[in-house]
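Visitor: The listed protein sequences derive, respectively, from chains X and C. Note that this note's numbering numbers the first sequence so that position 332 is 332, with each residue one more than the last. Note that this note's numbering numbers the second sequence so that position 113 is 113, with each residue one more than the last.
By construction, these hints were calculated from the structure, which means they are not laboratory data. Don't take every hint at face value.
As the list claims (entries may be wrong) - Derived list of chain X stretches under chain C, where covered just means 3 residues or more per stretch with a C-beta under 8 Å from a C-beta of chain C:
1) 26-35
2) 46-54
3) 64-71
4) 121-131
5) 247-261
6) 356-366
To be verified - Keeping only pairs whose Cα atoms sit at most 30 Å apart, straight-line, the calculated DSBU-like set for lysine-lysine is:
7) X:180 <-> X:151
8) C:247 <-> X:385
9) X:247 <-> C:385
10) C:180 <-> C:240
11) X:68 <-> X:299
12) C:240 <-> X:240
13) C:68 <-> C:151
14) X:18 <-> X:247
15) X:151 <-> X:68
To be verified - Residues of chain C placed beyond 12 Å of chain X at every Cβ, according to the derived structure:
16) 14
17) 44
18) 77
19) 102
20) 153
21) 235
22) 280
23) 300
24) 308
25) 312
26) 323
27) 326
28) 333
29) 350
30) 352
Quick reminder that beta carbons are idealized off the backbone N, C-alpha and C, glycines included.
Number of protein chains: 2
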Amino acid sequence: MDTLESNFLAALDQVLGKPSPFIPLHEPEFGGREREFLNHCIDSTFVSSVGQYVDQFEAQLAEFTGAKAAIAVVNGTAALHIALLLAGVTPGDEVLVPALSFVATANAVAHCGAIPHFVDSEFSTLGLDPLALQNYLERIAQVTPQGLINKLTQRRIAAIIPMHTYGHPVSLGPLLHVAKHYQLPVIEDAAESLGSTYQGTHTGTLGLAGILSFNGNKIITTGGGGAILTNHQDLANQAKHLTTTAKQPHRWEFFHDHVGWNYRLPNLNAALGCAQLMELPMFLEKKRQLAQAYQDIFKEIEGINFIHAPENCLSNYWLNTIQLTQPSREIRDRLLTIANDAGFQCRPTWTLLHRLPMYTHCPRAPLPVAEQLEVSLINLPSSPKLVTGLRD
Amino acid sequence: MDTLESNFLAALDQVLGKPSPFIPLHEPEFGGREREFLNHCIDSTFVSSVGQYVDQFEAQLAEFTGAKAAIAVVNGTAALHIALLLAGVTPGDEVLVPALSFVATANAVAHCGAIPHFVDSEFSTLGLDPLALQNYLERIAQVTPQGLINKLTQRRIAAIIPMHTYGHPVSLGPLLHVAKHYQLPVIEDAAESLGSTYQGTHTGTLGLAGILSFNGNKIITTGGGGAILTNHQDLANQAKHLTTTAKQPHRWEFFHDHVGWNYRLPNLNAALGCAQLMELPMFLEKKRQLAQAYQDIFKEIEGINFIHAPENCLSNYWLNTIQLTQPSREIRDRLLTIANDAGFQCRPTWTLLHRLPMYTHCPRAPLPVAEQLEVSLINLPSSPKLVTGLRD
Ligand SMILES: Cc1ncc(COP(=O)(O)O)c(C=O)c1O
Ligand SMILES: Cc1ncc(COP(=O)(O)O)c(C=O)c1O
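Start from the sequences and build out the full structure, keeping to the hints where you can.
Guide: Rendered as structure tokens:
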């Protein structure tokens with residue numbers, strides 16, 4: 001083992017203790033009223049498409065994030081799909097997406113029949129780089145009465161999806177500025193950033209709409225689930241309508257006025273969500289403590305940077321992340337091997353989306369930063385339970 | 001009140017007793033191990049995309065239906081979407097769909113970018129009419145090396161979706177024969193027919209694939225949920241892959257080889273499903289008893305036919321249904337009004353799909369039977385709990 005490897009392992013050991021036998025990347029925690037709410041949901045017999053927990057979950061999400069409205073749906077991918085449709089994305093359009101993201105960001109674009117168009121990230125946020133974006137659009141795009149046109153493909157660029165990577169807010173201010181200049185609707189992928197704020201405002205509430213995920217690995221979970229956030233009441237109403245088969249209300253008639261989806265979150269899953277939301281402030285506190293512990297340790301280790309929250313931002317530190325100062329797939333994989341062998345579940349970042357076979361033919365900007373990040377980022381175990389004692 | 005109205009109300013009264021104050025159309029029942037399995041699922045912390053309940057639910061569904069494989073997904077609509085994709089449906093294709101169905105049958109076709117093409121039903125099953133289908137295809141379609149072509153639109157007809165209406169099996173034998181002749185893959189929409197058999201074989205297992213729904217109003221519920229059934233192991237594998245983001249297995253690498261979906265059923269919902277499946281034989285027995293009670297009463301009432309299981313079929317009698325011998329929207333709506341006012345939740349059948357604004361421009365066969373059924377069918381309260389005493 002070389003120095004970097006042994007230092008890395010020692011750091012994990014110091015923060016997390018010895019795995020016995022295994023410390024997962026992110027484990028959910030159900031120490032609150034989860035069982036009670038689930039049992040009550042069963043007692044009520046309302047487990048499915050309507051019920052008090054869905055209403056309550058939506059109201060509490062809106063309150064917590066400060067969004068005017070939250071619409072609960074089956075998962076983050078579905079939320080993104082509907083948000084894009086409501087932003088006006090139509091088949092054959094292009095949508096700007098970070099090459100460094102989970103595959104769902106691009107899949108939701110494909111689900112609209114549209115084409116992801118990959119753009120670069122910046123080191124400080126791990127998210128879209130506003131300056132690189134502006135330079136790129138200046139070169140390849142043109143504002144026309146038909147919208148923003150990609151001069152190389154002649155297709156319309158219909159929207160942009162900034163994503164808050166591992167909970168760290170993207171440079172939203174400058175990004176919104178560029179988007180406005182190019183008349184691009186902004187859909188924030190805040191799947192990973194519940195509890196993260198940009199200059200005091202919750203992520204996912206600054207663009208036209210934003211989305212959250214409550215998958216099992218997220219900061220709170222509903223089993224599977226997601227939400228659309230928006231400050232536009234008419235968009236919220238349309239989102240609710242489209243995600244619930246677009247049925248018009250009637251005492252008994254079945255009349256649906258649009259192609260709709262069955263994307264509503266079952267009341268059962270919302271019951272779990274309501275209990276988890278009550279724990280969220282405690283999870284956030286623990287996760288920020290854990291991040292601080294990692295940061296203190298990795299400060300001392302040469303060759304490794306701990307990624308901290310961007311300036312003027314609060315991060316939920318969903319997944320704690322280190323960056324190798326010398327990008328190298330070989331070193332990265334060696335560190336991953338020794339950590340995982342030792343029982344610390346660690347992971348690399350995602351394969352850049354333009355390398356996946358279904359997206360290799362999609363348009364893309366130069367991606368120098370994303371390409372470096374791809375071989376230098378490692379996610380560390382980040383469950384709130386790894387910090388103990390706060391409750392006692 | 002005229003004679004028909006008072007007879008109808010008296011019949012409901014006799015079978016169901018006085019509502020106090022309201023008898024829903026179909027209510028779920030949680031008298032088994034639902035709470036236990038949900039609590040155990042929480043204890044395990046595996047509430048999300050993988051877990052023992054998902055595996056168990058899939059295995060038990062396969063066993064119960066006799067399908068080689070069952071793939072659990074978020075709902076019936078998602079199941080249909082993926083089954084159609086795997087049947088080879090591509091954007092711009094047409095898919096034959098009964099005009100008399102729940103909107104999800106057509107929506108799933110639209111979700112593939114394909115076009116529903118509406119065909120007629122028969123009185124005896126309320127489902128697709130094989131003879132009418134054959135005559136229609138003879139007239140408008142042509143088998144070519146490129147597949148079955150609609151001569152009027154020049155589009156490919158890529159699949160057919162027979163649906164087992166309210167649990168009554170469609171005439172599958174003759175339908176499969178016609179489908180085979182025209183080289184049409186058959187995807188059975190068995191959303192409503194868990195527990196129903198056609199000549200001894202479970203519905204949803206006779207075509208290329210079939211789908212189930214476990215929505216709150218179905219015979220068993222997972223909150224929201226569905227499944228794909230198939231006897232083709234490779235199709236099952238592909239279905240699992242596409243519904244779980246098409247990720248290739250790897251110790252840490254994120255590599256996805258197709259546009260995929262997040263359509264997996266959470267383990268939490270599968271836990272509910274496993275408990276409900278244990279109750280299914282009892283639900284089926286009760287529902288068949290309730291159907292018998294309705295049938296005995298409505299035999300005596302002129303102007304009303306009770307819809308019973310087609311010959312050589314077992315129906316789950318998901319929703320008990322009567323048919324007015326004189327089709328009339330006015331009479332139907334008067335009966336619906338008095339029943340619902342009295343606290344018996346009754347509903348008409350669906351608005352025929354070709355009348356919905358997003359589907360008015362779709363191709364369609366003559367629909368004389370569906371049009372009569374539309375104004376003559378009424379669903380009656382059908383919860384298993386309406387029959388009591390079986391457990392004691
Ligand atoms: C960045 C990002 N976008 C979208 C999603 C999709 O959310 P879900 O898994 O709930 O569909 C996720 C989480 O999985 C994600 O991390
Ligand atoms: C005939 C039919 N097809 C499809 C579906 C769709 O199932 P789900 O509601 O689970 O999406 C349903 C049930 O709602 C249905 O009745």
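Visitor: Against the structure, test the hints numbered earlier, and report the numbers of the ones violated in rising order.
Guide: 3, 4, 11, 13, 14, 15, 17, 18, 19, 28, 29, 30
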